[in-house]
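Trainee: Single-letter residue listing:
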Amino acid sequence: MDALVRSRGAYVCRSCTRSLRRQWLRGHSYSTAATTPDIYDVVCVGGGPAGLSLLTALRANPVTSHLRVALVEAQDLAKVRSWTLPPDRFSNRCSSLTPASVRFLESIGAWNHLARDRVQPYHEMQVWDGVTGARIEFDWGLGSAPPARHAVEGTTIAYMNENLNLTSGLLKRLDELGGVAVFDGAKVEAITYGPETEELDLRQWPLVHLSSGNQLCARLLVGADGANSPVRSFAGISAPGWDYDRHGVVATLEMEGDGWRGDQIKIAYQRFLPTGPVAMLPMPGRFSTLVWSTTPANAAVLKSLSRKDFVAMVNAAFRLSPVDLAYMHTQEAGQADEYSWRIQHTPHDPRAVPQEVVAVQEGTVASFPLRLRHADTYIAERVALVGDAAHTVHPLAGQGLNQGQGDVQSLAKTIEYAVTHGQDIGVTMSLEPYLSERYAANHVLLGVCDKLHKLYSASSGPLVPLRSVGLSAVNALTPLKSFLMNRAAGNPLKLF
Amino acid sequence: MRPALRCLPRRAIRPTPPALQPPAFTAAAAAAAAAAAATTTTTTPSQAHPALSKSRSFTSTPTHLHNPASASVNETEISHFSALASSWWDPHGPSRPLHLMNPLRHDFIRRCLSTSPDSSSSSSTTNLRYLDVGCGGGIFAESAARLPSTRSVTAIDPSPTILAVARDHARRDPTLAPRRGRLAYVNTTIEQLPLPERPADRYDVVTLFEVLEHVDYPAAFLDRVGAFVRPGGWLVLSTIARTWTSWFTTKLVAEDVLGMVPRGTHDWDKYVNEDELRGYFASKGAEWGAPQVMGVVYVPGAGWKVVQGSEKVGNYFFGVQKLH
Ligand SMILES: Cc1cc2nc3c(=O)[nH]c(=O)nc-3n(C[C@H](O)[C@H](O)[C@H](O)COP(=O)(O)OP(=O)(O)OC[C@H]3O[C@@H](n4cnc5c(N)ncnc54)[C@H](O)[C@@H]3O)c2cc1C
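Chains as they are written, first to last, in my numbering: chain A, 25 to 520; chain B, 3 to 326.
These are calculated hints, taken from the structure and not from any lab test. Warning: the hint list may mix true and false statements.
What the hints assert, rightly or not - Not the full set, but computed from the structure, chain B residues with beta-carbon under 10 Å of chain A:
#1 SER88
#2 PRO93
#3 ARG98
#4 HIS101
#5 PRO105
#6 LEU106
#7 ASP109
#8 ARG148
#9 THR152
#10 HIS171
#11 ARG174
#12 ASN275
#13 VAL295
To be verified - Straight-line Cα separation of at most 20 Å, SDA-like style, residue types lysine to any residue; simulated pairs:
#14 B/LYS307 with A/HIS445
#15 B/LYS307 with A/GLU461
#16 A/LYS437 with B/PRO150
#17 A/LYS437 with B/LEU102
#18 B/LYS307 with A/GLU456
Here the structure is a predicted model, which is why all the values come from computation and not from measurement. C-beta atoms are modelled at their ideal positions from N, C-alpha and C, and glycine is treated no differently.
Excised from the complex, chain B in its bound form:
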């Protein structure tokens, strides 16, 4: 449970009047979710916690939508990020689970791309343009930019502090030099990022890693993010299911029993279940194809393992192709 200590207190980072929350806190959130999962086991809930029956509200029209464009980071967060930022790239620091998870992201994306009907033609698997939403310190963005099959990566995050870390770190690799055009960091929210007018100019792969579980209005958020996928492209995300196990490990044990982190550190109600995501994409009619799903479990000392069925329990990847 130790890594949970480094989680952000969720109450502190959410502006009080609920605003449409872009992935403002992905940097810390990702570490938090991964850390939470670090203690996740594959135990199936024997008895559903009362909260489990409550399904996640997938409303796309937040009742108080206050100026979504201003949904950026407050001072508390910035200072917290500064603290976290210095350890972002420390392979033995709190972000280690994220570093270890990163290769699986590529495995999953490859798996998704290979199911595209046109995957045999190289046009859908090479020269790819990525948009990484909530890139944090750039663990995924850097790695995607290095792949020979990548044309470019646009990586966005609303925290200037964490982006400074990302940019500074990218200087350590000549391959990622801005003039090469493989990797561009943009300090923005997805709401403020201009949507390319022609659908064909949108992205081949839009990624959203460890972000969704920290968003207040996931449907509205996914509507926006999904718009950036070109027809034929993929939206790939990872998040953590809202289950007895995740409630047990992140809420009950860490917060209530051990008191390791302040109550409210994890907003467990915001975790998103796989079937809820399926429901969301199905509700969009023929716009999206059938989802690909991969459940992963963190085995202490051994890293992340793909475990079939674990998407119902803890961390999982979810990918959908935009058909139209």
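So that you can see chain A by itself, here it is in the shape it has in the complex:
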């Protein structure tokens, strides 16, 4: 295959560039290097998990591998490509990958390129209400047998993984496949429409102007450019939603041990607090990753604490009453002492909560605002949105990244169908199957996550007794539980 060569700040397949340029020159009498757009079948803006898997899927499939594809990413991808950390250090940006996402990553040949010893499957979920104490336990135990096709994965609910491990693995797979014109370290500065000449009418083709001076003309422009998607703005697609007035605080934690059930059976924990859910997800060995949704003020306090006090707050979040916890958020310091005193007076079953946190890794405490956004549509003429560009979900279900993988799988399949039937892959007619396959499914999931958030964000009022009944009832109802677990494991939602 063509090797990728670095030219003018971009990785471009040399022979492709040459032939493209030749074609262009043949067709047009004028040429100035700066203003001549390169023509691509797919230009993908955004080299996050969604964009990289889309390009990998297209390159790995013999039906679509002849398409000319380009990737535009603002960051320098060399850093992602060469990303490594020692075995006892973990990035704070982790996501749970559902078995469905993993199967997809396997099918495009990317999964083997991840550092697999840094991926942690988990087998149980413990979810409970911080106000009423009602609990729900999820496992693929007796009575909630996993669907037959999960036989190979055994009892795995999902896999915890660092986002950088995923993007770095995807880039390695893409390098192996070759044939992608990569424009990294290049921001999209403007998107306009293409030119019209005697021979060609590209006035409906998006023309992407990069900070590097390059211009890329796209048969299909894919917005994989995250929550503030410039591609979405270009297409005039609005993404209504709301901010939760919550921040997600993340951190990498070191625990007292491998977990209550050792290294073989790992457990994910989530407790609903009046300010939002706090989740502890297992990483390899003694490590866990934290996602704590809370008010911006609380998040600011948490970020300002010493590492010792931060550790105490996390332990408190899974054990103390919401009232105690609220008090500790008002302290400027001294949470460690406060916690060791209060925990003695708080009856709790240590095995029903995560093991004690003993340390937080330096530089891993960070926060980000939470919001719900759902684009009005995912497609427009010569535009498709995937991943966070199409929808941003509350992280309580850990579904954001997986929804993006579902989008990509569906869009890649839609493009494949269009190619085998001679359709122009950019027109809405060709893209419609992608929209109809993904929109309703994503919308249901967004709605469920949003309702859960609202239901569990109230500390008093009519909803509280209701939700305790809710969780206890769910726990007793095996079929409903299987349904919820199948969602968590990314099994397709059957709407009809």
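Using the hints provided, position chain B with the ligand relative to the given structure of chain A.
Mentor: Frame of chain A, contents of chain B with the ligand only:
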């Protein structure tokens, strides 16, 4: 039934002295047939309409064959096409059923090619040369030209207006640029198109989509079209059966009961049944192989579905390989 409103009144577009009618009106006709089928269900006729017993006249010697070469479009048609032309490529316009049907055409052609005795050799499934007769705005022609297995597509239609639309639309895709030689539109009737002298220079696949039901003398027409198929190549067409159901949906309901379209909009007598086509090709002796048939049904909201047996009722695909 709404799409039927956009059908051409058949009386208006047929020259009065019946001439051998090339696929002059395929553009509109295709939309009309597809629209008609949009309301077609798989109901089997419980009681044959009297007309059903009448079989389609497959005469190849039209009694009044007036200057077939001049069989082109009249002014009424041109203005009608102009109106239709602007919406030809609108995915939500009246041609939507045709856009939705297009992928099935490729599925069917692939199915036909795969039954060729030599289908394992790539020579019969790659580097294909297509002739699309009655190409209209180019929905099929464009898509065929984009396929990696295609060498070239020659697409003909007698309406200059609709061809202008087709050519203009093709400019939106660099792959289809004329200098690439993948797609050529020719404003002609099949009668006027020169037949390549050497049989080997004729076409691998000749397509005739939603055309036959608008032709007065289908046997003569098929004789001409069939000549363009190279030995070993395929003639692939789609049309609509003349059945109680199609009569009911396109004639009775649309015209007589609801009065949505003027009487005579559909010349239902011209619909061609699958067994009549079989009979025609069988009558040519060993020239043609055994036909492939695929019936399709339009399910509102879901698009076209392949339904076995529905070729007897409504829209269907028909493919035959030229053996000699
Ligand atoms: C702190 C945090 C924690 C999260 N935790 C979880 C979790 O636990 N589980 C989970 O499932 N999900 C989680 N999510 C969500 C998850 O990270 C996202 O759903 C996922 O990253 C979306 O991937 P994406 O490829 O769609 O977009 P992104 O990862 O946002 O990638 C977009 C890319 O586009 C590039 N870009 C944007 N604009 C331009 C431009 N103008 N020019 C060039 N390039 C541009 C950006 O540089 C970026 O690389 C979390 C999100 C955050 C912020």
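Trainee: If you check each hint against the structure, which ones fail?
Mentor: 1, 12, 13
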